[in-house]
Amino acid sequence: MGLDDMEKTNTANVIIKKSTFNKLIIGIVTIAIISAFLVGYVLGSETNVPSDILIKDSKNVLNQIPTNQPQSQSDPNQASKKIQGSINFEVPNFVRFIGDEAAPVSIVEFGDYQCPFCKRFFDQTEPEIKKEYIDTGKVKFYFLDFVVNGVDSLTLAEGAWCAEEQGKYYQYHDYVYSNQGEEYSGWGKPENVKIFAKDLGLDAEEFSLCLDSKKYESRVQQLTTLATNLGSTGTPTAFIGNSENGYTKITGAQPYEIFKNVIDKYVQ
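Those letters in the sequence shown? Residues 5 to 272, by my numbering.
These are computed hints drawn from the structure, not numbers from a lab.
Keep in mind the model is a prediction, meaning the values are calculated, not measured.
You may find that some hints are simply not true.
[Stated by the list, open to error] The calculated lysine-lysine pairs, modelled on DSSO-like cross-linking and capped at a C-alpha distance of 27 angstroms, are:
| # | residue 1 | residue 2 |
| --- | --- | --- |
| 1 | K198 | K219 |
| 2 | K253 | K269 |
| 3 | K253 | K134 |
| 4 | K198 | K123 |
| 5 | K135 | K123 |
| 6 | K142 | K269 |
| 7 | K172 | K198 |
| 8 | K218 | K193 |
| 9 | K264 | K253 |
| 10 | K123 | K202 |
| 11 | K142 | K264 |
| 12 | K253 | K135 |
| 13 | K123 | K134 |
| 14 | K142 | K172 |
| 15 | K134 | K172 |
| 16 | K253 | K123 |
| 17 | K123 | K172 |
| 18 | K134 | K269 |
| 19 | K219 | K202 |
| 20 | K218 | K198 |
| 21 | K134 | K264 |
| 22 | K193 | K123 |
| 23 | K219 | K193 |
| 24 | K264 | K135 |
| 25 | K172 | K202 |
| 26 | K123 | K142 |
| 27 | K123 | K264 |
| 28 | K269 | K135 |
| 29 | K172 | K218 |
| 30 | K172 | K219 |
| 31 | K218 | K123 |
| 32 | K172 | K193 |
| 33 | K142 | K253 |
| 34 | K172 | K135 |
| 35 | K218 | K202 |
[Stated by the list, open to error] Label-pair distances were calculated between CB atoms; the ranges are:
| # | residue 1 | residue 2 | range |
| --- | --- | --- | --- |
| 36 | E195 | E169 | 16 to 26 angstroms |
| 37 | E261 | D207 | 36 to 46 angstroms |
| 38 | K135 | E248 | 21 to 31 angstroms |
| 39 | N97 | T232 | 17 to 27 angstroms |
| 40 | N97 | E187 | 25 to 35 angstroms |
Glycine included, every Cβ here is placed at the ideal spot set by N, Cα and C.
Let the sequences and hints guide you as you build the complete structure.
Written out as structure tokens, the structure reads:
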């Protein structure tokens, strides 16, 4: 074989190799394009669902959520979203109230005279409620004893009922919270409570005899038991509503806005 023939053969070989390489490249690119198309089709088939189907599915999911699931306690306005209270009870007929007897809504506070959070409610929230709702005839307010801070709290509560004998239950209530001392400091001992009676212009001797007799201890215990039976675990605990629609419970010295939201649902 001559030199020219060898050059032709080598050239042919090179040409064959290049054409083969080009075919491989074309094949790979073709496969890649087809694969990309298939992947896109599959992905598209998973997401391109008509919007009306998605809406129907979401409705079905919502319909499957139980409506009796407990609501988050972190939402302070949760109670205000319902007019139908979940708690029913009757306030004992011996308990006094302030406000119009015909008021459509009742606020029943369970409190302890030594409780600092009850004082906060008395100082910050109750005046707004009184101005907006009690004085306008929309709400009547009850204070019921819930003794949680020991024997001095019991004595203070008994003193309120002794003051009631002389027609000054809520005057006593207001005086004690206005002059509240530190918890467990002894300010609620009988000798101090008797001084409160003098400051209020009560018959000191009559009040003293009443307090010493412990005649209202069982009444205070009855109200404390009622609070416990209603699920109260601390003071203050308030129940807002009426016997017709039930009551909604609010725990703690919540701000006025929380009470307003609930009251308005019952007043409307």
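Task: Numbered hints the structure breaks, given as an ascending list - done: none
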